[in-house]
Amino acid sequence: MRKSLWPVALVILIASLAGGAVWLSQQQRDGLEAGTLIAEDAVDALVGRTAEVRVPWGSLQVTVSEPLAETAEGTQAGHDASLVGVQVALDGPEDLLVADRLPDGALEDPTFTLVADGEEFLLEGLNGWVKDNQVAQVARRQYVALKGEPAEIALRVGYDGVDQVVDGLTGTLDRSAAEPLYQLGFAAGAQPCGDPLWSPEASDAGKAVTTCLVSSSAQRPYVAGLGWAPEGRSWLVVTLLGGAPTEFAGPNGTYDVAESESTYLLDGQAPDEAFALNDALPAGAVEDANDPQVLVFEVAPDRPTGQFEVRTSLTGETEVATGKQGKGKGRTRTFEALVALGAFV
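Going by this note's numbering, the sequence shown opens with residue 3, and the numbers climb by one from there.
Rather than coming from a laboratory, the hints here were simulated on the basis of the structure.
Treat the hints loosely; a few may be bogus.
Across the chosen pairs, the derived CB separations fall in these ranges [stated by the list, open to error]:
1. A47 <-> P232: 36 to 46 angstroms
2. G255 <-> G196: 34 to 44 angstroms
3. D111 <-> P194: 35 to 45 angstroms
4. A47 <-> G308: 39 to 49 angstroms
5. Q271 <-> G120: 20 to 30 angstroms
6. V45 <-> A278: 36 to 46 angstroms
7. V45 <-> T265: 49 to 59 angstroms
8. A246 <-> P105: 34 to 44 angstroms
9. E338 <-> A210: 15 to 25 angstroms
10. A272 <-> A210: 20 to 30 angstroms
Below, in silico cross-link-like pairs of lysine to aspartate or glutamate (DMTMM-like), each with a Cα-Cα straight-line distance of 20 angstroms or less [what the hints assert, rightly or not]:
11. K149 <-> D134
12. K133 <-> E110
13. K149 <-> D111
14. K133 <-> E154
15. K133 <-> D93
16. K209 <-> E319
17. K209 <-> D281
18. K149 <-> D82
19. K133 <-> D281
20. K149 <-> E122
21. K149 <-> D119
22. K149 <-> E319
23. K149 <-> D258
24. K209 <-> D176
25. K149 <-> E72
26. K133 <-> D111
Just so it is clear, CB atoms sit at the ideal spot from N, CA and C, and this is done for glycine as well.
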């Protein structure tokens, strides 16, 4: 009886081993599910195709890897699957661009979408660059699992409705409507305003000469809060130092300015936006004691130098004596005046 049990036991053992082999084989065939995202620290460079991608606040180095069997930290794609890594880095402060924005405008995070053979995968692990209108400088890396090895790979980088596309196989960049970001010129230097022009019977009072200074002007394709300039147009951002005079000369003496209101024109055109620069500073930034004003005009990118004007309406007050020989009770006399200043911008 005992001898007859050995063949049965051997059959059971062989069946168990065969079943285990089938299970292991199945596990090896099952790769990561397509779309699985794996974030890892970008402690070193990612091998792949690299392109410079500019967004309104900076220049990003974007690298897209070839299809890989595993991540840098050893996570494997598995059978019939691959992993494509994307790394985004801002090398240093020198890559930060002037980011003009309105007081209620905010810098944005770009979006990164990997496109593999027509399928799209949003890489949320590459977000988090902007907080409180400050830009972080820590590189980010994320992998996405794909079925097999795709024949075509691209990375779409979006910013406020405008997309740029990096070819993952060649590293070439389609800048599309973001092309003006790569043609940013230097801001024009300071330009003093000319002599003031006063309305009849009004003038500067003594040494209180009315002046202004255009401290800078620059064309920008994007202003946070306004968005991208219309197609074929640009935003001209003008920073102005100067304000209304505190007093002026008029009939019967010197008038203290009680009220003032300034308007701004560029070649006869009013600005799209006007605000105090201090109102747009990031939280905690030191305010400019000169309280410069910022004007944003929509212009043609190839515009020639034009006439910038500041027109300030003033309501002045002065005390005038009444009665014989000026011995009566004094009264307040008001007088309205207009002063205009101009510069070439």
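Identify every previously stated hint that the structure contradicts and give their numbers, smallest first.
-> Those not satisfied are hints 2, 5, 8, 11, 13, 14, 17, 22, 23, 24.
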